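Mind docking chain H on chain V? Use the hints.
Number of protein chains: 2
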Amino acid sequence: MNLLLLQPEQQLDESHWRLDERQARHVQSVLGLTEGQPCKAGLLDGPQGTCIIESIKNKEITVSFKADSQNVEPLKLSLLLALPRPKMLKRILIDATSLGIKRIVLINSWKVDKSYWQTPNLKADLLREKMLLGLEQARDTQLPELLLAPRFRPFVEDRLDHWAGDGPRILAHPGDHAPLPRNLPGPACLAIGPEGGWTPFEVEMLCDRGFQCHAFGRRILRVETALPALVGGMMQLP
Amino acid sequence: MNLLLLQPEQQLDESHWRLDERQARHVQSVLGLTEGQPCKAGLLDGPQGTCIIESIKNKEITVSFKADSQNVEPLKLSLLLALPRPKMLKRILIDATSLGIKRIVLINSWKVDKSYWQTPNLKADLLREKMLLGLEQARDTQLPELLLAPRFRPFVEDRLDHWAGDGPRILAHPGDHAPLPRNLPGPACLAIGPEGGWTPFEVEMLCDRGFQCHAFGRRILRVETALPALVGGMMQLP
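In order, the protein sequences belong to chains V and H. Just so we're aligned: the first sequence equals residues 8 to 245 in our numbering. Just so we're aligned: the second sequence equals residues 8 to 245 in our numbering.
Isolated chain V, as found in the complex (with noise of 0.2 angstroms):
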């Protein structure tokens, strides 16, 4: 935890926050700090600054908040993403976040395991949680919009070309193609497919909205290790 992310609910009056339990025992556990000292903080969604320790009283502490900076620039990526294993979910979810994408669509694909749809992972609650986690790895304040495709061709059909917006459209696929773009300012987005790959029929219909396959070498990596390592090869990271 390298920012005290404040959340609404948590707000008491005009400058004044209540630390939820994990971040009260961070601070006291981890930071050891003690009432008048300062931390990195931030409002969801909104600026970085500074908040000071104002009350520990048993485990419930109060601290004022004044900004002082703005939040660090988004990546300009959006990423549409085969559904992982459950398992996989979290820590990519937290990855994506912390290497600031702002625009997620977790999407179905032949070789997606139905039951992955099924798993108690995909409550809108635990996935908002860990994408606060890579906020505060990454000292970040702005919260992915993420949203779920459980049916591909719809959503390739009627929403994708839209969604993918400006800027190209990057499939990255085993085979003899163009090698990865790099360095890219951005706006860009990247279609990443499940284990084992996207079929030739959604490659085809991805291809018909504008995504063009890209090769990143040789080996087969999983998932959560393309991920960064795709982001890190195309994007410049702000």
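No lab work stands behind these hints: they were computed from the structure. Here the structure is a predicted model, which means the values were calculated and not measured. There may be inaccurate statements among the hints.
Pairs involving identical chains hold if they fit within one copy or between any two copies, as the list cannot separate such chains.
Said to hold, decoys possible - Computed list of lysine-lysine pairs in DSS-like fashion (alpha-carbon distance at most 30 angstroms, straight line):
#  : residue 1 : residue 2
1  : 97        : 137
2  : 118       : 66
3  : 94        : 137
4  : 73        : 94
5  : 47        : 121
6  : 137       : 64
7  : 47        : 118
8  : 66        : 97
9  : 130       : 66
10 : 97        : 118
11 : 109       : 121
12 : 94        : 109
13 : 109       : 64
14 : 130       : 73
15 : 64        : 47
16 : 130       : 64
Just chain H, lined up with the frame of chain V:
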């Protein structure tokens, strides 16, 4: 497991190998192969090829192997990594290996918790097991060389210059530095610090051995996210 990686101790005669328990389970439960069917395989530190399931008796599987292709090219990047917390070491070794890194030093740093050096995860056979998982993932057969350097200064003073070899020596470090070099063919050497970063003294010692600081965005990434992002950013992946 994208490759059955056959090890010397599994060899029965000139052309036959016995699968270990995990491989046998994978062949039966995940791949659903039966006698006579082929599967991608490779000899540890040797060529790749195809194995044929020769016999399945109870849970014991014997295969024949025929080499038919060269191994994938290694990534010409040496990694000097401050020892990560035990929980993450496993994942980082799998990732580094699957990305194709062949030379790794796990080194101490002021901010590495001393207890990390006592963890059972550092036993040679467990480290090796994680790297084998990375090889299986990426369809590679060449095991990385892994060194432990539990004392920073003696390693850096006496061995680092020789170990790091030719090519640029990159220190990813927050601050106002030149941007990360891009798309290097290698050889190159990358130093990644612990959570909280190298101390100024450590940075100075590394710079005395030819390392140069480079910036990689303003965000604070976890080591396990930073590693693939940096590798994907600075290297051409073969």
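A quick look at each hint next to the structure:
In this assembly of identical chains, residue 97 and residue 137 lie within 30 angstroms of each other by CA distance both inside one copy and across copies; the values are 6 angstroms within and 21 angstroms between. Proximity of residue 118 to residue 66 under the C-alpha cut-off of 30 angstroms is restricted to the inter-copy arrangement: shortest distance 28 angstroms between copies versus 47 angstroms within a copy. With identical chains, the CA atoms of residue 94 and residue 137 are at most 30 angstroms apart both within one copy (12 angstroms) and between copies (18 angstroms). Taking the closest pair of Cα atoms, residue 73 and residue 94 never come within 30 angstroms of each other, the shortest separation being 38 angstroms inside a single copy and 36 angstroms across copies.
In the homo-oligomer, the alpha carbons of residue 47 and residue 121 lie at most 30 angstroms apart only across protomers (27 angstroms), although the nearest pairing inside one protomer, at 42 angstroms, exceeds that limit. For the identical chains of this complex, residue 137 and residue 64 are intra-copy neighbours only, at 28 angstroms inside a copy versus 46 angstroms across copies, given an alpha-carbon limit of 30 angstroms. In the homo-oligomer, the alpha carbons of residue 47 and residue 118 lie at most 30 angstroms apart only across protomers (20 angstroms), although the nearest pairing inside one protomer, at 43 angstroms, exceeds that limit. In this homomeric assembly, residue 66 and residue 97 come within 30 angstroms of each other (Cα to Cα) only inside a single copy, at 28 angstroms, whereas the closest approach across copies is 35 angstroms.
Taking CA atoms no more than 30 angstroms apart as the test, residue 130 paired with residue 66 passes inside one copy only; the shortest distance there is 29 angstroms, against 40 angstroms between copies. Taking the closest pair of Cα atoms, residue 97 and residue 118 come within 30 angstroms of each other both inside a single copy (19 angstroms) and across two copies (27 angstroms). For the homomeric pair residue 109 and residue 121, the shortest alpha-carbon distance inside one copy (26 angstroms) is at most 30 angstroms, but the shortest distance between copies (37 angstroms) is not. Taking the shortest alpha-carbon separations for residue 94 and residue 109, both the intra-copy value of 22 angstroms and the inter-copy value of 28 angstroms come in at or below 30 angstroms.
Neither within a single protomer nor between protomers do residue 109 and residue 64 lie at most 30 angstroms apart by alpha-carbon distance, with minima of 37 angstroms and 53 angstroms respectively. In this assembly of identical chains, residue 130 and residue 73 lie within 30 angstroms of each other by CA distance neither inside one copy nor across copies; the values are 33 angstroms within and 48 angstroms between. For a Cα distance limit of 30 angstroms, the shortest separation of residue 64 from residue 47 inside one copy, 21 angstroms, qualifies, whereas the shortest one across copies, 62 angstroms, does not. For a Cα distance limit of 30 angstroms, the shortest separation of residue 130 from residue 64 qualifies neither inside one copy, at 33 angstroms, nor across copies, at 45 angstroms.
Violated hints, in rising order: 4, 13, 14, 16; the structure is consistent with all others.
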